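With the hints in hand, could you dock these two chains into one complex?
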Amino acid sequence: MRPRSLRGRVTAAVLVAVALSLGALAIALFVGARRAVWQQRDAGQLARARAFAALAEHDDDGYELELPPDLTPDAPTYLEAWTADGAVLARSQALAGRDLARSTAGAVQVLWDGALPDGRPGRLCQLRFMPREEGARPGGEVTLVLAESTADVDAAIASVRTWFAIVFACSLALVAMTTAWLAGYSLRPLTALTAQIAQIDDRRLATRLAIDRPPVELAVPVAKLNDLLARLEASFARERALTADVGHELRTPLVGLRTLLEVTALLDRTGPEYRTAIAGALAIVVQLCALVENLLDLARLDGGQLELSQRDVPLRALVDECWRPYADLAAGRALRFDNRIPGDAIVTTDREKLRVVVANLLANAAQYTSAGGWIAVATGGDAVVDVIDSGPPIPPEHLDKIFDRLWRGDAGRSSTGVHCGIGLALARGLCARLALSLDATSHPDGSVRFRIARAGALIMVSGSAG
Amino acid sequence: MRVLVVEDYAPLRESLRSGLIDSGYAVDATADGDEALWYVQDSAYDVVILDLMLPGMSGLEVLRRMRGAGHTVHVLVLTARDSIADRVAGLDLGADDYMVKPFAFDELRARLRALVRRRYDRRDPVIRIADLELDTVKRTARRGGVIALSAREYALLEYMAHRPGEVITRDELWDHVYDFATERGSNVLDVYIGYLRRKIDDGHARKLIHTRRGLGYVLGDPP
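In order, the protein sequences belong to chains D and Y. Note that the numbering used here has the first sequence beginning at 1, numbered continuously upward. Note that the numbering used here has the second sequence beginning at 467, numbered continuously upward.
Pulled out of the complex, with its shape left as it was, chain Y reads as follows (with noise of 0.2 angstroms):
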């Protein structure tokens, strides 16, 4: 999953994309509410963690222009203005969720989680298809007993779960799964796919990952 986190104490932008990508995000980071608005024109985030008093352009213009521009992109908006005014005007711009600093890196990254679900209209955070299951709290996947899988191996399992059935392209995976700053390999994806491949369909008859030649990759049974 990929997040924006746009926020200008530097300290706390440095500690939230750290810890955000040893949770197994990739995480873009920016202090200029201007610089937030080209990284969501550019790239497809799962959510914006918008911080709301911003050098320049504030936040919540940062989130009427997105809005206003289209985007659908989950924000949860994490700011020191605690009054209920500054909350409601938030939520009423568009805003998914508020949370109020200081807060708890645990609390972040469950309501991350929960905007994530929501993003791809799941409730359960078990997901399954046939008979693997992935936790996406505990950021596990079984297939009959547990499958150990890296953090890259696991972001790339845990997208596509959020759309079995579906094809997906090798863009979108990228885009979901990579920070702005990696550059983009061309078989990088291939060789996690193998991997992946590997982990979670050998020894079973049932084979859960298909690719499908110049389009991209499915998880689940193909349509």
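Chain D on its own, in the form it takes in the complex (with noise of 0.2 angstroms):
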């Protein structure tokens, strides 16, 4: 079904409105005037049976009433009157013998619908009264009555009536095109706005909405949806750039994997050449699995679905286990690594997600501190853990940077896989998760420290400080 629209609701509430104000107004207006008329024509037929009365006398001869002769033979009126013993004292041509019909009512003077001798609708009026008395003897009562025709009222009623009717119609469909004229002109800039918004869809989000001199009832919409639509923009670009970067990050390992497999086949290979290749291929999967798992851990605390379990942790305990998988990349490249936090330092907090914060910080040392360097990792003070190592340095502009998602602010380190660019973000999420705030410093000495530290009282540090 067709949605209504809203100027056809206005006009049609409007058209209802003004019909029934209108009709009642009309009807009102009618029915006085109709009572207005047939009072006067009331008015009119009693003073002329009154004039008749005026004629008749009496003497002591009888009665006497002589009819005036009847001047519109074609519509005539009737007029008889009798004397109280009931005889017949006058009776108008236009009857031709017959009688009219007379009130039994008692008043003086009465009027009453009836139908006229002829057929024709009429209106009857019966007067009482003494006649003018000439004689010595008093005469009796008369009883006078006079129908008259009401045809030319009828029709002026109906005349009424009809121009009533055609005065109702034309202000109805007056008022019904003013309306939806001038709800058409109220709703445009609400139709303007329908246009614009019918233009935009997934390739146009740059698009603003703008209306001149919006009316109140739109501005704050207009202004809601233009929010709406930067957020969308926003969110749109970002999700591109993601996608495009996690295609180009899963891509690396994949044409590793793909050359190793390629490389493999040229030859008929020996079993311990086959089972390095495999090892190969393996160790690739396992750090394309590293590479989905963070980027899932990544949509999941988007998604607000990673629950917390508290639990007391040992800290240096939590450390060396978070080094043991770079151990032997750090001894490779003559890095020594240093665990200064306390055997007793006791952290209440979800293990699994600070275990993962520290990995990610632990891994980014082993892979990116200069080779012949070192990594030391400490607790104390505001910060729950720090990992610090001796450089290279990052570069001011680039501390916080890092911590965006798949930021390439050294292109080498986005083509290893694992350390593209997710580790970090993921670590800082997770530790605002934690209640934790996770920041990078680069010191003069080249040095850089991450520090993990507290910005809630989810977690807690006991034993004493490293």
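Honestly, the hints are just simulated from the structure, not real lab data. It cannot be assumed that every hint is accurate.
Unchecked claim - From the structure, some residues in chain D lie toward chain Y, with a derived Cβ separation under 10 angstroms:
1) Leu187
2) Arg203
3) Gly256
4) Leu257
5) Leu261
6) Leu266
7) Thr270
8) Gly280
9) Leu295
10) Leu298
11) Leu301
12) Tyr368
All values reported here derive from a predicted model rather than from experimental measurement. We put the beta carbon where it would ideally sit given N, CA and C, even for glycine.
Right under this line is the structure:
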């Protein structure tokens, strides 16, 4: 079903209201006018009846009432008079010997509707009066009935009714047209807005709604819609960039895997050669899995689906556990590792989430600290965990950007699969979930410190600080 | 032929190195732009395979410095950066070819062969010297019939065949057939040349491999 338009609704509502008002007014006017016409007419007929009555005389010879000749033989008026004893005193010629109806009411004057002897609708007026006395003996009461056609009045009233109907219909039509135009005019900003909104799709999110002199009712919705569009545009841009970046990051290890398999398939290999190739492929797959896991964790973090499970966590042991996978890599790069966290330092938090954060920081340190340097882990003061390495330093302008997802400050770092700009973003997101903060600082001596610090009350460190 | 692979993603670097060695190339590999410049300065490579996104010095900067220093080695850029602007920038900085990851290893080898041919100003992948015929795609040699050659013997022969009639020094031969890690032996080359001479010239009146005492070797008619 096609939805009804606001313009149609407004027009219909106004039309109904106007029709009801005009209708009531017209009916009241018509009824009043008709009553006035009838009253006027009745008064006239009564006056004429009285005029006839004034012609009646009584003397000692009896009653006398001389009727004037009928001037309108085609549409005659009828008159008949009776004496008190019921004898016909006078009868108009048009009656041709027939009697008019008489009212039995005792009133001096009575008017009522009735049919004329010629069949036309009419009105009858009955007077009881004493005729002018000319004789010595008083006469009795005379009853006079004057019957006149009401056709002229009925025609006038019908004409008035017709005019009322025409004026009513024209008024309604005028109101309908005016209301429709006014509604359309008033809704023009909304129509313009609708046209602009109809143009917006996922490729035109940069569009902003703009209408001239927006009415008060639309100013807030337009502003809110523009805000929403801006957020949508930013969100789509982020999603597109993230999709492109994720594709890029997945491509690097996949290219490595493909080349490894193609090269292995080049020649017939020995068993150990195949085992070496499979181990290489497995390492890349493990790397891909870690990348995908990081991405999934980020998605869960975004979706608010990460549940926390608080417990007491021995910090030193956690750091040792996180370092173990990178010990060989660090040894190969002649890096010294120093876990300075006291053995009795306990932290109350979600162990698995904190483990992911610390493991990410240590993985970065093992990967990027200059060969022959050092990595130290400590706790104390505001710091829950400090991961410090001997550098190279991170340029100050990059210190916050390194926590952006898939940010590529150092193009080379992006192509190692796991360390592709997801780990630090995930670590900071997890820290926020744990009511912690994660920041990086470069020191003048070239060392870099990643500090996990308290941002709320969810975490408590007990034991002696190192 | 000797190739330098500059790629920071270790698994890919190792696969490329291993695959190219299996394909008969002498291969050095590094993940570092500075080290790549040092390699190019030190050794005579036929082709450098260069990734653009390197830690520290970028691949484009490596290329710029190589060309700035006057190195004419052929460079094949192998990168995930696939925009037109990236390709134009790479080629305009002096790259000879541009391949986008992901790639097929067979195509990489074909492009390497094409670059080697360009380096020695050749079009035909089959090299003919008198009645000796070298198919650089199939890596086979024929003189009358098919000659069975080891990978090292073929590599030596192909390099010499690219420069027929020229005196090629032992150092040049070594530079183009052995990688950086191989220790230079005093008579290893002489031994392989001896093997080649037996396989190619024995039974033929016209000898193709000639020794220029104190200078090196010549394949084909000497100057």
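Next on the checklist: Next item in the hint list is Leu295 of chain D. Is there a CB on chain Y closer than 10 angstroms to its CB?
Outcome noted: Since chain Y brings no Cβ nearer than about 18 angstroms to Leu295 of chain D, farther than 10 angstroms, the hint is violated.
Checklist entry - If you take the shortest Cβ to Cβ gap from Gly256 of chain D to chain Y, is it below 10 angstroms? => result Check passed: Cβ of Gly256 of chain D comes within 4 angstroms of chain Y, closer than 10 angstroms.
Checklist entry - Can we keep the Leu257 of chain D interface hint, with Cβ of chain Y closer than 10 angstroms? => result Cβ of Leu257 of chain D sits 8 angstroms from chain Y, so the hint holds.
Next on the checklist: Let's test the interface hint: is any C-beta of chain Y closer than 10 angstroms to that of Leu261 of chain D?
Outcome noted: Holds, about 9 angstroms.
Item to check | Interface hint outcome for Thr270 of chain D [beta carbon to chain Y under 10 angstroms] | outcome: With Cβ-Cβ at 13 angstroms, over 10 angstroms, it is violated.
Checklist entry - Does the interface hint hold: is Tyr368 of chain D within less than 10 angstroms of chain Y, judged Cβ to Cβ? => result 8 angstroms, holds
Item to check | Hint check, Leu187 of chain D versus chain Y [nearest Cβ-Cβ separation less than 10 angstroms] | outcome: This interface hint is violated because 48 angstroms lies over the 10 angstroms limit.
Checklist entry - Are Arg203 of chain D and chain Y close enough, Cβ to Cβ, to be under 10 angstroms, as the hint says? => result Check failed: Cβ of Arg203 of chain D comes no nearer than 20 angstroms to chain Y, outside 10 angstroms.
Next on the checklist: A closest beta-carbon separation below 10 angstroms is what the hint needs, so does Leu301 of chain D meet it against chain Y?
Outcome noted: Where the cut-off is 10 angstroms and the nearest Cβ of chain Y is about 27 angstroms from Leu301 of chain D, the hint is violated.
Next on the checklist: Hint Leu266 of chain D vs chain Y: min CB-CB distance below 10 angstroms?
Outcome noted: 5 angstroms, holds
Next on the checklist: Would the hint on Leu298 of chain D be counted as holding, given a Cβ-Cβ threshold of 10 angstroms to chain Y?
Outcome noted: 21 angstroms, violated
Next on the checklist: Let's test the interface hint: is any C-beta of chain Y closer than 10 angstroms to that of Gly280 of chain D?
Outcome noted: With a minimum Cβ separation of about 6 angstroms from chain Y (threshold 10 angstroms), the hint on Gly280 of chain D holds.
Checked against the numbered hints above, the structure breaks hints 1, 2, 7, 9, 10, 11 and satisfies the rest.
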